[in-house]
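Asker: Sequence:
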Amino acid sequence: MKNTGYIKFWGVRGSNPTPDSDKMHYGGDTSCVEVRTNDNDCIILDMGTGLRKLGNHILSDSSYKKEINILFKLFLRFQCSYWFTWMKDIIYSNKYKVHIYKYENMESNIKKLKNI
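Per our numbering, the very first residue in the sequence shown carries number 1; after that it's consecutive.
Worth flagging that the hints you see were computed from the coordinates, not collected in a lab.
Where hints are given, some of them may not hold.
Listed below are the simulated SDA-like cross-link pairs for lysine to any residue, each with C-alpha atoms no more than 20 Å apart in a straight line [what the hints assert, rightly or not]:
| hint | residue 1 | residue 2 |
| --- | --- | --- |
| 1 | K102 | S60 |
| 2 | K97 | N40 |
| 3 | K111 | D39 |
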């Protein structure tokens, strides 16, 4: 039986995270969206501060495949420069392979992701 895919928003804010308790109903982290396909592939859209929580979740959940695909914007916000430290346990692990795609090549990158 195939898994059911889903989309989860790990961050929904604009350029500035707002981790105040009164903002947590909608989330205080900047944009990070996880797409899980019916085949259990993981595609991460954007690398805002929500990536920290998603990275920790991936490490604690054995159901994730060992290949992670990240599609991020052409321009980088300051939060995106931290993505490497937030994902270090995944990147430095021999258990995972991380593919990173930029939005600027959107059409060709979507074709690559469709072949996953």
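Asker: Would you mind marking each hint as holding or not holding in the structure?
Answerer: Here is how each hint holds up against the structure:
1. K102 <-> S60: 27 Å, violated
2. K97 <-> N40: Measuring from Cα to Cα gives roughly 15 Å; hence the hint holds.
3. K111 <-> D39: Given pair K111, D39 holds - Cα atoms ~17 Å apart, limit 20 Å.
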